[in-house]
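S.K.: For reference, the chains in residue letters:
Protein chains: 2
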Amino acid sequence: MSRYWSDIVHRLTPYVPGEQPLLAHPVKLNTNENPYPPSPRVLEAIRQELADAGESLRRYPDPTALKLRETVAAYHGIRADQVFAGNGSDEVLALTFQALLKHDKPLLFPDITYSFYPTYARLFDVDYRTIPLDDSFAINVDDYAVANGGILFPNPNAPTGRPLPLADIERLVAKNADSVTVIDEAYVDFGAESAIGLIDRFPNLLVVQTVSKSRSLAGMRVGFAFGNAELIDALNRVKDSFNSYPLDRLAQVAARAAYEDDAWFRDTCAKVIASRERLAAGLTALGFDVVPSAANLLFARHEAYDAATLVLRLREREIFVRRFNAPRIDQHLRISVGTDAECGLLLDALRDIFSAYIG
Amino acid sequence: MSRYWSDIVHRLTPYVPGEQPLLAHPVKLNTNENPYPPSPRVLEAIRQELADAGESLRRYPDPTALKLRETVAAYHGIRADQVFAGNGSDEVLALTFQALLKHDKPLLFPDITYSFYPTYARLFDVDYRTIPLDDSFAINVDDYAVANGGILFPNPNAPTGRPLPLADIERLVAKNADSVTVIDEAYVDFGAESAIGLIDRFPNLLVVQTVSKSRSLAGMRVGFAFGNAELIDALNRVKDSFNSYPLDRLAQVAARAAYEDDAWFRDTCAKVIASRERLAAGLTALGFDVVPSAANLLFARHEAYDAATLVLRLREREIFVRRFNAPRIDQHLRISVGTDAECGLLLDALRDIFSAYIG
Numbered sequence: 001m002s003r004y005w006s007d008i009v010h011r012l013t014p015y016v017p018g019e020q021p022l023l024a025h026p027v028k029l030n031t032n033e034n035p036y037p038p039s040p041r042v043l044e045a046i047r048q049e050l051a052d053a054g055e056s057l058r059r060y061p062d063p064t065a066l067k068l069r070e071t072v073a074a075y076h077g078i079r080a081d082q083v084f085a086g087n088g089s090d091e092v093l094a095l096t097f098q099a100l101l102k103h104d105k106p107l108l109f110p111d112i113t114y115s116f117y118p119t120y121a122r123l124f125d126v127d128y129r130t131i132p133l134d135d136s137f138a139i140n141v142d143d144y145a146v147a148n149g150g151i152l153f154p155n156p157n158a159p160t161g162r163p164l165p166l167a168d169i170e171r172l173v174a175k176n177a178d179s180v181t182v183i184d185e186a187y188v189d190f191g192a193e194s195a196i197g198l199i200d201r202f203p204n205l206l207v208v209q210t211v212s213k214s215r216s217l218a219g220m221r222v223g224f225a226f227g228n229a230e231l232i233d234a235l236n237r238v239k240d241s242f243n244s245y246p247l248d249r250l251a252q253v254a255a256r257a258a259y260e261d262d263a264w265f266r267d268t269c270a271k272v273i274a275s276r277e278r279l280a281a282g283l284t285a286l287g288f289d290v291v292p293s294a295a296n297l298l299f300a301r302h303e304a305y306d307a308a309t310l311v312l313r314l315r316e317r318e319i320f321v322r323r324f325n326a327p328r329i330d331q332h333l334r335i336s337v338g339t340d341a342e343c344g345l346l347l348d349a350l351r352d353i354f355s356a357y358i359g
Numbered sequence: 001m002s003r004y005w006s007d008i009v010h011r012l013t014p015y016v017p018g019e020q021p022l023l024a025h026p027v028k029l030n031t032n033e034n035p036y037p038p039s040p041r042v043l044e045a046i047r048q049e050l051a052d053a054g055e056s057l058r059r060y061p062d063p064t065a066l067k068l069r070e071t072v073a074a075y076h077g078i079r080a081d082q083v084f085a086g087n088g089s090d091e092v093l094a095l096t097f098q099a100l101l102k103h104d105k106p107l108l109f110p111d112i113t114y115s116f117y118p119t120y121a122r123l124f125d126v127d128y129r130t131i132p133l134d135d136s137f138a139i140n141v142d143d144y145a146v147a148n149g150g151i152l153f154p155n156p157n158a159p160t161g162r163p164l165p166l167a168d169i170e171r172l173v174a175k176n177a178d179s180v181t182v183i184d185e186a187y188v189d190f191g192a193e194s195a196i197g198l199i200d201r202f203p204n205l206l207v208v209q210t211v212s213k214s215r216s217l218a219g220m221r222v223g224f225a226f227g228n229a230e231l232i233d234a235l236n237r238v239k240d241s242f243n244s245y246p247l248d249r250l251a252q253v254a255a256r257a258a259y260e261d262d263a264w265f266r267d268t269c270a271k272v273i274a275s276r277e278r279l280a281a282g283l284t285a286l287g288f289d290v291v292p293s294a295a296n297l298l299f300a301r302h303e304a305y306d307a308a309t310l311v312l313r314l315r316e317r318e319i320f321v322r323r324f325n326a327p328r329i330d331q332h333l334r335i336s337v338g339t340d341a342e343c344g345l346l347l348d349a350l351r352d353i354f355s356a357y358i359g
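So the protein sequences, as listed, match chains A and R.
Residue numbers 1 to 359, in full-length UniProt numbering, belong to the letters of the first sequence in order.
Residue numbers 1 to 359, in full-length UniProt numbering, belong to the letters of the second sequence in order.
Extracted from the complex, chain A is given alone in its bound form:
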């Protein structure tokens, strides 16, 4: 606390990202990173940008990331003016709160969801109301048929991984023509249906994606919003009042190359999905209740073992998973899907912990 702080600083509840352990070889299943590296074309594109003794690095990047947006637009069959690029989907979401979700009526999002949402709301003084998931952690879109200044949720939802059918999203967006619905598709490529195909029909739909998960580039910080050009314009106006150049030159070429290697992307996603199904079977066999997931994570609880204790016991074995100390979910573990080998180490460790468990 300080007299020099603006008032807002006193009221913030900063987001706490998952731990980045400094160990040499942790089994890191706590931040939903992809277990496979990015396409070799990404490395080649970065190396090319370093040509001529790094001559390009002395120059500002394209503030509009036009080539990247053109590549991603072509990939999705839309226009570049329907694409916004930002410093990871976290920055894209932050700018979205400021540009499109601050209205007199409250923003709606689920009670169990990405824990950054209430943090953004406090930073930008956005009034919000949470809508409970049902007992199976499903979103029921009819629960959102109340006056609102915007609707926001991930599909699949975080931290549950549970997907919502595209037909439900279409019904919701059609019913809420007066406010923007934002679908946060950070995990969509692991088995859910994207709503990008709806943006031409619905001027009130914004879809947010990232290269951090399915394209193995969490380390490079690139995210996107897709929507009507008018919505994208609002994001650009706020971005250009905040930071003209959020994407450096290497991030722009890296993300572009990732979209140009669709075979790598599809192969990586297929491997993660197969590992997820094996891990879900393994956890179920150990007695866990596992939420059906279309993401690169599993959300699971065990009746017999305390979740916080399991996190600690796993951590002693240099295996990292995440738990949220929040209502309804404090007995769940959120487990990122690793390689089959990493998932095997996790299952072995859990067996070992259970055999010696003292609660």
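Since the hints were derived computationally from the structure, they do not count as laboratory data.
Please note: incorrect hints may appear among the correct ones.
From the derived model, a few chain A residues whose C-beta atoms are all more than 10 Å from chain R [unchecked claim]:
#: 1; residue: Gln48
#: 2; residue: Leu100
#: 3; residue: Glu170
#: 4; residue: Glu277
#: 5; residue: Asp348
According to the in silico footprint, chain R covers these stretches of chain A (three or more CB under 8 Å from chain R) [claimed, not checked]:
#: 6; segment: 55-62
#: 7; segment: 211-220
#: 8; segment: 243-251
#: 9; segment: 307-314
It should be emphasised that the depicted structure is a prediction, and the values quoted were computed from it without experimental measurement.
In this text, a Cβ means the ideal position worked out from N, Cα and C, and glycines have one as well.
Mind docking chain R on chain A? Use the hints.
M.R.: Same frame as chain A, but now just chain R:
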């Protein structure tokens, strides 16, 4: 305009960065980039981070950029908790407006200064008042002895390049103990005195720097704030409510390597300073009034030739300089200092334009 926009979007006046021409070999003297590439150690550090098939890129970067902050802190002889790292000094300044400069009393900054400041103020609804520079474009710190919620200016000032002695800054900060003074030192390494040495004595002083100019890394987007740990804490709280990871892995290692090659840095700055003095002499010989500069830019006007016309005539020759269509300075050119060869091309082009000038 759209019913979906938050109110603030309608009131913004986004910053317009200098043009990034798509020509193969423009003489680009319009965005104050360094004419020399970054240290070879920067390229080496980036290449090392790509080892193991880009294994590290799939993982989130350190959200606190600790190693980078430790390196920069050691360089300046301060502690890492006195250093904030952001996505370029533009993002650092934006977060500073939100975290430290929004108070009941108005923020003060010069009438002629970095044109992003009023844009930030509108985005974050910060009340501000401008203080006129004197006729020689100098800041008189006694003009700032009025009630305020903060004071902000670049040293050297933009777009003039005119430096302020450190003794004046110390006097100003000492007199304004109740609010934060922010010194934006984007250009300081080209001949002005940094105020970083004062942060231990003044808890109300924040100093902002960037690797975009003197360290030739405009393309990588890294900036810093230096100050009392309490001020840095405010910036971290806002940053962690906005975007946990604004610096990607390659930006972190690149900036760190740039600080580790001090000889390259000093040599580059010395070359730019020498070119600036030669260019200033050349412009003066052509009849320009040139503001004394301690930056990598010159601010100059010619009694006989219209500035907007000169910008167009130079542009036809693929030479880019910048002009601001603003009161008191619309007849000035802001010319980034290039290599001696680039400066020579500019002087030749001006001679040519003058010889054929029709106003």
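S.K.: Now, for every hint given, state plainly whether the structure supports it.
M.R.: The hints, checked one at a time:
Interface exclusion of A:Gln48 from chain R stands, the closest Cβ pair being 12 Å apart, more than 10 Å. At roughly 6 Å from the closest C-beta of chain R, the C-beta of A:Leu100 falls inside 10 Å, breaking its exclusion from the interface. With a least CB separation of 18 Å from chain R, A:Glu170 remains clear of the 10 Å interface cut-off, as annotated. Distance check on A:Glu277: its Cβ is at least 21 Å (rounded) from any Cβ of chain R, clearing the 10 Å threshold; non-interface status holds.
At roughly 23 Å, the least C-beta separation between A:Asp348 and chain R is larger than 10 Å, which holds for a residue marked as non-interface. Using a Cβ-Cβ cut-off of 8 Å, 8 residues of the segment 55-62 of chain A lie near chain R, which meets the minimum of three, so the contact claim holds. With 6 residues having a Cβ less than 8 Å from any Cβ of chain R, the segment 211-220 of chain A passes the three-residue criterion, so the hint holds. Three residues within the 8 Å Cβ limit are the bar, and the segment 243-251 of chain A against chain R gives 9, so the coverage statement holds.
Check result for the segment 307-314 of chain A against chain R: violated, 0 residues qualifying (beta carbon to beta carbon below 8 Å, three or more required).
The structure is inconsistent with the numbered hints 2, 9, although it conforms to all the rest.
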